[in-house]
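Undergrad: Listed below are the residues making up each chain.
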Amino acid sequence: MSEMILEMKNILKIYPNGIVANEHVNFSVKKGEIHALLGENGAGKSTLMKVLFGIERQEEGEIYHKGEKIEINSPHEAIARNIGMVHQHFMLVPSLTVAENIILGVEPKKNKIFTDMDEAVRISKDIAQQYNFDIDVTAKIEDIPVGTKQQVEILKALYRGADILILDEPTAVLTPQETKELFEQLRKLKDKGHTIIFISHKLDEIKAICDRLTIMRNGKSKGTYETKDTSTEEMSRLMVGRDVFLTFDKEKSQPKETVLKVRNLCHINAVGTKKLNKVSFDLKTGEILGIAGVEGNGQSELFSVLTGLIDSYSGSVKILDKEAKEMKIKDIRDLGVSYIPEDRMIYGCAEDMDILHNLISDKFDKEEFSSKYMLKKKDIEKYASKMIEDYNIKAGSYKQNVSMLSGGNIQKVVVAREFSAKPTIILANQPTRGIDVGAAEFIRKKLIELSREENCAVLLISADLNEVFELSDRLAVMYKGEFSGSFTDVKNVTEEELGKYMLGVEKDEELEGITYE
Amino acid sequence: MNRDTKFNVIRTTISILIALGISFVIIFLISEEPLEAIKQMITGPISRKRLFGNVIELTIPLIFTGLGVSIMFSAMQINLASEGAFHIGGVVAAVVALNLPMPGFIHPYVAILFAGLVGALFTFIPAILKIKTTANEIVSSLMLNYIALFFANYILNYYLRDPGAGSVASFPLPASSKLTSIISGTNIHIGLIIALLFTAGAYIFLYKSKMGYMIRVAGQNEDFARFSGIDILKVILISQIIGGFIAGMGGGIQLLGLYRRFTWTALLGYGWDAIIVATLSKNNPLYVPISAFFLAYIRIGADIMSRSTDVTPEIVSITQGTIIILIVAKQFLAKYKHKMVAKEAKSNIDAEGVE
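Protein sequence lines correspond, in order, to chains A and B.
Going letter by letter, the first sequence gives residues -15 to 501 in my numbering.
Going letter by letter, the second sequence gives residues 45 to 399 in my numbering.
Since the hints were made in silico from the structure, they are not lab data.
Idealized CB from N, CA, C, for every residue including glycine.
The reader is advised that the hints may include incorrect statements.
Claimed, not checked - The following label-pair restraints were derived from C-beta to C-beta distances:
(1) A/K350 to B/K390: 41 to 47 Å
(2) B/I122 to A/S300: 38 to 44 Å
(3) A/E218 to B/K390: 54 to 60 Å
(4) A/E373 to B/M146: 44 to 50 Å
(5) A/G145 to B/N328: 24 to 30 Å
(6) A/G145 to B/I182: 28 to 34 Å
(7) B/V212 to A/E351: 54 to 60 Å
(8) A/K302 to B/I122: 39 to 45 Å
(9) B/V183 to A/E437: 37 to 43 Å
To be verified - Derived lysine-lysine pairs resembling DSSO-like cross-links, with alpha carbons at most 30 Å apart:
(10) A/K258 to B/K93
(11) B/K252 to A/K362
(12) A/K268 to A/K236
(13) B/K252 to A/K347
(14) A/K366 to B/K176
(15) B/K326 to A/K360
(16) A/K356 to B/K383
(17) A/K268 to A/K360
(18) B/K379 to A/K370
(19) B/K254 to A/K350
(20) B/K379 to A/K350
(21) A/K53 to B/K390
(22) A/K429 to A/K484
(23) B/K381 to A/K356
(24) A/K(-7) to B/K176
(25) A/K406 to B/K254
(26) A/K366 to A/K309
(27) A/K234 to A/K370
(28) B/K326 to A/K378
(29) A/K314 to B/K278
(30) B/K381 to A/K174
(31) B/K326 to A/K356
(32) B/K254 to A/K366
(33) A/K93 to A/K124
(34) A/K191 to A/K174
(35) A/K302 to B/K383
(36) B/K252 to A/K306
(37) A/K383 to B/K176
(38) B/K278 to A/K378
(39) B/K176 to A/K309
(40) A/K204 to B/K387
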């Protein structure tokens, strides 16, 4: 009992939309260990930690800190208990310096009124040195790399006195090399007596750094194990609920006619940053072209240009021989292009409308579903029922609001709409991010099916390396708005190799096979 | 009825009850005869046919502006120019009634049609400003209402004014232009039937037509609508033009149904009230007549109360304000809803456990 610094007992958390994120979960952490919280996306790991950090309030269950029962109603109270959290999406002010971010909210004062900036810099330097972080504390956040931003987040928590540190998927945004560096620092923190909770779904990382692990699946705890006694196979079985690692048997691609031809595409965004630099590639029907890369290296901008959301670019983008710039979004869609947007809640659905209304947004004006002015209610309802069945959308009926569905099912609604439009080209941007493994597998299978059987051309932008490896026939890597590498023999590419291109350590000037010329 | 609709009904009802409760408490605090006052307010409107007639007469303009606002708000176009459109509709109807002699069976309807067209033109201004210059329609429409008022004053003073009338008023509207009264002993006119027809029409437009679908999707999530290939500019234009048309018509109908002369020298407020009506009915045209009736009822009730007791009719503003605050406050009863949801989810877990 006493060796546990933290215990969460019987935690039940239900979200306002009715989703049960934690179903009577037990979780306990020993002092001075690195404890992994392992599970697929949507398993309830982040929610459990949000309850611990006071961001969410549990319906039932207790939290014990050093044996004492505590109530945590806000992050302030958590910080007062020396609990710190580094969120998946950084909570930093980009226009401020590292030191300013570290002291934000607990500023050292001059004459009790003014912030003492010199002191702030001194404190920040001290704390960075103390924990062996090599950071220029006077640099602005917007100018430093992602890995360093994460270190700032960790320092922020340490400055607030955290001895229990929660890291929510810290490696998701890091390159393999940055990950290594992070692990070094975490080990040092552990040596200094800090307790670390490490949220992840990457087994090799957990093997590498964690002492114990708790596995979550579908909102439930599947037990706590010693890392050294647990094989990765066992971990994955407990996590995914089946023994196989997914690999798809896909036939060899048979590329046919070129439908997307991009040459020397450059785009400078509204604040003058060059987001795309001389990007060229071809896409043919019957194949899947994967674009890997750490997020934020121009993938979103590329997607926006191809979909018609951005029309300020130089170079040429020919969709079925027509220049994208000269077309409206509607015209591009009418050519037979379907999209899976990166952010489904912004571009993929209207959450306060029902499933039926979300399924027809791109096709309500087609002859099938409407006359000159009116919607054909019966036909639309028939179509919606069919989609719910075909795409296995778990919902009471098509009258249910989208906001009531789980992430995976919302994504299935998006996919059902887009795939049922009989597309020639599918542009998929992070199609399976943040959804359960079943839905993800379903969507991946569909993408392969469409490219092989329906002769679709698929462009897959993804930060999920497994996904890119599994699906792509050809593969390109994006780094700082350019292609830094390309592969035509995807099966023989290693993660290490890909990592180098993702990080910009290596750059391939030839980019063989990226176009068909 | 699904969980959301059920919750909304409960929430609206509770909001109304709380608001009435607060108003009653205030009446108890300020009045010498609170029970009599409350009784007058609640039962006054149904105590006599003429008084109930007043409720319906007030309901009619509220339905028109309420429908107009509902359509614009459904598209998330917060165009507040229905007030001005209503006013300008009234003056246009007066101009047509006084200057274009026609037989009685067609005269008022031509006037109303023109009122609607000019109303549409009026709400079109904030829409086109938004499209061409990205000017926020809330600000421009708000300012335009005063232009409508003073434009109408100008027309009245220079073109319509009857020098023989005791106050500022137009020449008498010809009998051929008046809307027929449909219930004897009241002033309820044929405008009521037109209002109900337009309610049905607005509902069919918004919920059954292609354009209505585009309006609602764009109103719920503009980015999603644009990404789906929906023409946002068209939505911005059409929703506001139709909204202005209906509000303008309402102005014409109000004038030709209840007035002998055009006498409007100040804004009448039906456009503002329409925001309450639209909020109460969640922008669904089918609920607009009900909300309009409710609002009219408490207004007339408060009037009757003030005539026979020592309570002023402004008390009803407190009621209205409280209702709106409670309805738009997202957190109000959010905990209750969460409990409702949590209970359902928990019983599902338990049910699974048994299997």
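Undergrad: It remains to establish, for every hint, whether it holds in the given structure.
TA: Tested hints:
{"no.": "1", "hint": "A/K350 to B/K390: 41 to 47 Å", "in the structure": "holds (43 Å)"}
{"no.": "2", "hint": "B/I122 to A/S300: 38 to 44 Å", "in the structure": "holds (41 Å)"}
{"no.": "3", "hint": "A/E218 to B/K390: 54 to 60 Å", "in the structure": "violated (32 Å)"}
{"no.": "4", "hint": "A/E373 to B/M146: 44 to 50 Å", "in the structure": "violated (59 Å)"}
{"no.": "5", "hint": "A/G145 to B/N328: 24 to 30 Å", "in the structure": "violated (53 Å)"}
{"no.": "6", "hint": "A/G145 to B/I182: 28 to 34 Å", "in the structure": "violated (46 Å)"}
{"no.": "7", "hint": "B/V212 to A/E351: 54 to 60 Å", "in the structure": "holds (57 Å)"}
{"no.": "8", "hint": "A/K302 to B/I122: 39 to 45 Å", "in the structure": "holds (41 Å)"}
{"no.": "9", "hint": "B/V183 to A/E437: 37 to 43 Å", "in the structure": "violated (54 Å)"}
{"no.": "10", "hint": "A/K258 to B/K93", "in the structure": "violated (74 Å)"}
{"no.": "11", "hint": "B/K252 to A/K362", "in the structure": "holds (12 Å)"}
{"no.": "12", "hint": "A/K268 to A/K236", "in the structure": "holds (14 Å)"}
{"no.": "13", "hint": "B/K252 to A/K347", "in the structure": "holds (15 Å)"}
{"no.": "14", "hint": "A/K366 to B/K176", "in the structure": "violated (41 Å)"}
{"no.": "15", "hint": "B/K326 to A/K360", "in the structure": "holds (25 Å)"}
{"no.": "16", "hint": "A/K356 to B/K383", "in the structure": "violated (46 Å)"}
{"no.": "17", "hint": "A/K268 to A/K360", "in the structure": "violated (36 Å)"}
{"no.": "18", "hint": "B/K379 to A/K370", "in the structure": "violated (36 Å)"}
{"no.": "19", "hint": "B/K254 to A/K350", "in the structure": "holds (10 Å)"}
{"no.": "20", "hint": "B/K379 to A/K350", "in the structure": "violated (43 Å)"}
{"no.": "21", "hint": "A/K53 to B/K390", "in the structure": "holds (24 Å)"}
{"no.": "22", "hint": "A/K429 to A/K484", "in the structure": "holds (29 Å)"}
{"no.": "23", "hint": "B/K381 to A/K356", "in the structure": "violated (41 Å)"}
{"no.": "24", "hint": "A/K(-7) to B/K176", "in the structure": "violated (59 Å)"}
{"no.": "25", "hint": "A/K406 to B/K254", "in the structure": "holds (21 Å)"}
{"no.": "26", "hint": "A/K366 to A/K309", "in the structure": "violated (36 Å)"}
{"no.": "27", "hint": "A/K234 to A/K370", "in the structure": "holds (26 Å)"}
{"no.": "28", "hint": "B/K326 to A/K378", "in the structure": "holds (28 Å)"}
{"no.": "29", "hint": "A/K314 to B/K278", "in the structure": "holds (13 Å)"}
{"no.": "30", "hint": "B/K381 to A/K174", "in the structure": "violated (43 Å)"}
{"no.": "31", "hint": "B/K326 to A/K356", "in the structure": "holds (28 Å)"}
{"no.": "32", "hint": "B/K254 to A/K366", "in the structure": "holds (18 Å)"}
{"no.": "33", "hint": "A/K93 to A/K124", "in the structure": "holds (21 Å)"}
{"no.": "34", "hint": "A/K191 to A/K174", "in the structure": "holds (16 Å)"}
{"no.": "35", "hint": "A/K302 to B/K383", "in the structure": "violated (53 Å)"}
{"no.": "36", "hint": "B/K252 to A/K306", "in the structure": "violated (35 Å)"}
{"no.": "37", "hint": "A/K383 to B/K176", "in the structure": "violated (37 Å)"}
{"no.": "38", "hint": "B/K278 to A/K378", "in the structure": "violated (35 Å)"}
{"no.": "39", "hint": "B/K176 to A/K309", "in the structure": "holds (21 Å)"}
{"no.": "40", "hint": "A/K204 to B/K387", "in the structure": "holds (18 Å)"}
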